[in-house]
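K.L.:
Sequence:
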Amino acid sequence: MMATEGWLVLQPNYRDSSGYGDEFLYGVRLKMVYRPGKDILFGVDALIRDGIADPRQLTIGGYSYDGYLTNWLITQTTRFNAAIIGAGAIEHVIDWGANDMPKSNAYFLGGYPWQMPTRYQEEAAVFEMNKVKTPTHIVTGGIDVRVPVAESYLLERSLRVLGIPTKLIVFPGQGHELNNNPWHEKIKVREELKWLQKYGHICVSPYEGYLV
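At position 118 of the sequence shown the residue is numbered 118 (the UniProt record's numbering), and the sequence of numbers has no breaks.
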């Protein structure tokens, strides 16, 4: 839908994606945000270098793990004018305690919260929120057990405290896939496009690169 509104859409096959073997697939273990984050920004830089993308007209978005990465990236760079996030975790302690895949968190972070407290903090956007400048739109399902709705509430509240433009939509009765009511999907797309129209062409600040 974004492409129909004139946006060039980049969908990078970053580390943790399939198709390039196990080493590539599991290359994010212990570095859940840093490694795929570098891959994503490398793709953006390539488009800019080739004259395909305008560095003053960049936005970012993602759902689930991509939402988690988006949460992190807007704490690490101010290059994106707007962010569109769906069901993205912002920390790992409550996420580990409340989601339906706790073993996944423990595997990729190298242990449980009390075993790896520093890593649980280093891989969580909530501890870097003071760096965010990007207006952020958030959607989630009210009964999501993969990424608990509390993650989106925490993100929205943090942004509001910091004075960053934000909007949160919680779809009642929806799980992680948002597939229980087709009208909710229509609303999601409509509101995300409105957010891009409002903020996508307003440059937040000069490109400052990747901060980590």
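Be aware that one or more of the hints could be misleading.
Simulated pairs of lysine-lysine, PhoX-like, Cα-Cα distance not exceeding 25 Å [unchecked claim]:
#: 1; residue 1: K194; residue 2: K167
#: 2; residue 1: K186; residue 2: K131
#: 3; residue 1: K186; residue 2: K198
#: 4; residue 1: K194; residue 2: K103
Restraint-style ranges between C-beta atoms, simulated for each label pair [what the hints assert, rightly or not]:
#: 5; residue 1: L162; residue 2: Q197; range: 20 to 26 Å
#: 6; residue 1: G111; residue 2: S205; range: 26 to 32 Å
#: 7; residue 1: L8; residue 2: W114; range: 26 to 32 Å
#: 8; residue 1: K103; residue 2: A46; range: 34 to 40 Å
#: 9; residue 1: S205; residue 2: R160; range: 18 to 24 Å
#: 10; residue 1: L47; residue 2: T4; range: 15 to 21 Å
Derived from the structure by calculation, the hints contain no laboratory data. All values reported here derive from a predicted model rather than from experimental measurement. Note that beta-carbon positions come from the ideal geometry of N, C-alpha and C, so glycine has one too.
K.L.:
Take the hints in turn and mark each one as holding or not.
P.N.:
How the hints compare with the structure:
A distance of roughly 11 Å separates the Cα atoms of K194 and K167; the hinted pair therefore holds under the 25 Å criterion. Restraint check for K186 and K131: not satisfied, since their Cα atoms lie roughly 32 Å apart, outside the 25 Å limit. Restraint check for K186 and K198: satisfied, since their Cα atoms lie roughly 18 Å apart, inside the 25 Å limit. At roughly 37 Å between alpha-carbon atoms, K194 and K103 are farther apart than 25 Å, so this suggested pair is violated.
Taking the beta carbon of each, L162 and Q197 are about 23 Å apart, inside 20 to 26 Å as hinted. For the hinted restraint 26 to 32 Å between G111 and S205, the CB-CB distance of approximately 37 Å leaves it violated. A C-beta distance of roughly 44 Å is found between L8 and W114, which places it outside the suggested range of 26 to 32 Å. Remark: the range hint 34 to 40 Å for K103 to A46 is upheld by a beta-carbon distance near 35 Å.
Distance hint check: the CB atoms of S205 and R160 are about 20 Å apart, consistent with the given range 18 to 24 Å. Range check, L47 to T4: about 19 Å between beta-carbon atoms, so the 15 to 21 Å window is met.
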